[in-house]
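Novice: Letter by letter, the chains look like this.
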Amino acid sequence: MQAKTFIRMSGLGGQGVVTAAHILGSAAVRSGLLSTVNPFFGAEKRLAPAESYVRISSQTIHERGEVLFPDIIMIFHPHVITLGKSYTMPFFDGLQKQGKIIINAPEPLPLNESERAQLAALNARLYYISATRLALEIAGTELSSNIAMLGALIAVTDLVSQQALEEALAERFGGTKKFVASGTTAALDDVLKSKFTKLAQLMDKNIALIEQAKSSIQEHVI
Amino acid sequence: MITQKIVDPDYLFFQSERSKMFITGSEAVSEAIKRANVDMAIAYPITPQSESMHLVGDLYAEGYLKDYFRGENEFSVMSAVAGAAMGGVRVFTATGGPGTMRAFEMFPTWAGARLPVVCAFFTRGVNSPLTIQPDTIEMAYMLDTGIMIFHAENAQDLYDMLLKAFVIAEQPEVHIPVGVFADGFFVTHTRDEVSTAPADLKLPAYDPYSSPVPVMDMNNVPLRQMRDPFVMKSNFISYAAHASWQQEVAAAAQRARRYIDHYLGGLVESENPGADIMIVASGTAVSQGRAAIIAAAGEGIDVGLLKIKCLRPFPTEEIKALTRHCKAIIVPEFNRIGWLAREIKAVVEDNSKVVDGPRVFGGMTMPTEMILESIRRCSA
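Chains as they are written, first to last, in my numbering: chain A, 1 to 222; chain B, 1 to 380.
Bound-form chain B, shown alone (with noise of 0.2 Å):
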């Protein structure tokens, strides 16, 4: 094994030298699991991850890892992955698009059975015809599976955000799983500048008793968790287990903000806050509402943003403060069916000003000029 020094989150994140390498998302993904004093990852390969998971495997080569393998195929790995964590190790997976439709049984029992797994998702179409392109709509079935859900807008979010997700699902009174999405290609396959921690430094170890849960370990053996649970018993006190459990675990979530504005700095970040118009994106969407946003400068007119960075625990409070004032808001999206235009009119109090779009799907690229020409709109 590798020796690395052992040092506090917050020296990690905020305190450590930093360097700039010019890498690819993939090999983020690599160089936040090099810090993260994981011990076990499993993989399962499917474009636009494939190359993430090699890389780990790489990784585990090297001695970063304690162990590394290749399931059958998402489900099993993400089977695994749930065995892992319950087994008390700090475990690492990755998918996405339809890898993460084949495993999807899997991530509400995550979240129902505390395990703090994290794993990164790449964003794919699901379709026939078969496509490798990013489009974001597997992040509408995911949005309610119980699990925390972290967007990546570029790279250097996503080392950033993967590194941090562990901490914060591992705290006692969260113990739930987290999942950081980054959109296929357009973050995965893009080399672009990211700012490092050094190598030789990694997290805390996990320590599976901070589980709120009973751990599995020589006093409570894996034979009581199948043993034991409700369905065996199907009676009122079942019933009401599960119901009160479902709210157990939204809560877990909500108990997470505040670890998520102290490491990630708030559930959504705002550029511009006062101005009449509104971009609000997550994704790549926000970096290509950026560049909408200095061309929409050019012709003097003034444009806002709002990134979310957190979509689970959903930032209800933030979006109604930061989007008040405005007259229009711009929801640019990588999907047909507009899910974030959807929550958004779901939480602000006049949803008769969200602009439903512009959208992009199928794997296409949105224009600077797309959002642009919705700015005219609204401005007009």
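Chain A with its partners taken away, still in its complex shape (with noise of 0.2 Å):
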């Protein structure tokens, strides 16, 4: 793994970026590396846009905010770059060379020559994961698109194991704490587990979620 990884997670209101962003980076400190997590959102509503932030690395972090020059850009939602719901436009801005972009769409989105010339110079390597349907077919709530995509992240990076992420998960959704990021994602947790007769059923389902995400990514050429 590179000294410093910096990941921006961009989708929309209600899908799971300030709890994924939450899973990741305590996967990673579970895994003995540092990690700051921080969400960026204006009013909370469902659908307006958000944003988390994951820096991960072997050093002390001390860039705060916004991750401006992201190693990795994942678009839970199709609308964020069609419809410009993001902080940056376009929706790769900032993105470092060998860059790598992981977008939840059913197929892959229509991106202008000139978008596909810069990520072309950019050697920037692109991959599309229907997310969403995988979440409702295998967990049976779109809450679950957030935990595709963490799967769909493990698959193409080293970094956090699985192991680690799934001890995150329990950690988020197993225990008796309440995770208060922000008022809805309090709000949220309940409403997850409410779909889930059991936790053990959360925890399992969420696995084979996973499992299923990692081996349905597809990478497409630029």
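In short, the hints are calculated from the structure, not lab data. None of the hints are false.
A short, non-exhaustive set of chain B residues, derived as facing chain A with CB atoms under 10 Å: (1) Phe186; (2) Thr190; (3) Ala291.
Built from N, CA and C at the ideal position, the CB exists for glycine as well.
Hints given; two lone chains; assemble the complex.
Specialist: What follows is the structure in structure tokens.
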């Protein structure tokens, strides 16, 4: 793994962008790495732009706030790109050379010539995964789209192990501790838990989802 | 109520075993208050502060606090906090941005009444059009309210400064409020590793008779506070009393220096202090400065850092001494007006070497590259 990896997750309110970042950061810390995680959003409402940033490093991380120069960009919804629901335009602004982009979309999005040329110049690698469909099929709720995105991430990077990811997932949803990342994330945690009859089922289905996401992610040649 | 062991502040801060937690700044507030032996907390929500007082409410539900309620608005909360402090309890609240503005009347009132209130301020833009994003402009307005001002760089600072603020504020020779400021989102919502003392330890209780002014009790009933103010007299004595009282509040902040030195390790902290180019900053801008210093070192440029932890009292002599030798002082800030650059220009011997900026505002993140650009210009 390179010394520092900066990840920008862009999505829409309610998709679990903030929670995905929390789980990934916890998994990194469990793996003995250092991490900082922070979200950015406006008024908290469904479908409004929401972003979160994960920094993972073996050394002290000083930078704060938005990740302006990401190594990895995860797009949780096509509208981030097609409707510009993002804090940065175009969606890959600031992407570093050999950067990776993972997009949740049922089929590749139409990128224009200039966008293709810019991505090609960066030697960027573009991946698609139908994370929402997989979440509905396997976990039975689109609230698990974020877990499918994390499964896709570990398929194309070696940032954290699947085991660390599962442990972080169990910590977030398994214990009695409530996490209050924001008023709405706390409420959504309760909604998610109510979708599963037992906690073990929440864990099992989301682990199966991670497995399926790992094998479903596809590289799109730019 | 939850039972915790009371320990000496020095033991809690410097000797007790520490464990690492991967938590947000808001959660760090809760961890500090859990160990602070706070009697009462009063809340009113505002982004980016809401989560912190929500979590303090959870502490009340768990039995760590004796009382907790939600006020009608920020002005009401800050007034109720004043009442609680006059009543002799250790009290905590938090606000930020427009909430700070709405409550403003109370801050000089707290200081004038010598109330050792500890309040966390999580900065946010205050202008219209409405924003919830971080911007430190409200700190400019707070500088001369008479309260002491600490500025946390990250969640670790926030945890440490909050706990220490109670001990510093409650010294009989100090006994004025402390505002512990942290940048909204960049600190409140950022998850990071924080070292904390064991949760079964707490600070000694507040002794209301440590107050240097008459304590409200059965012998000195609340009515006297309203019956006897100088405003009722409006004569030479009343003017003289007001003038000397303002000086006394300012002097109390100066007397806090030795406690700030002891507990916070100084009003400032420096890194590579001999460098020709110095970054002088407070809050999140310090972290961005640290990243820029590492990047500059990669280009062979030597840059030092002066982190201001305490803005009131202002570390005038420390800043003078640590910048006397350097050729340029870069002041990165998260506000439009550059209040910190103004403060620094007012105290350094040659203020032509103060670089006014770089600055971002309205919620923007300051890229490391932006500070690096200033460094390059200064070294050219």
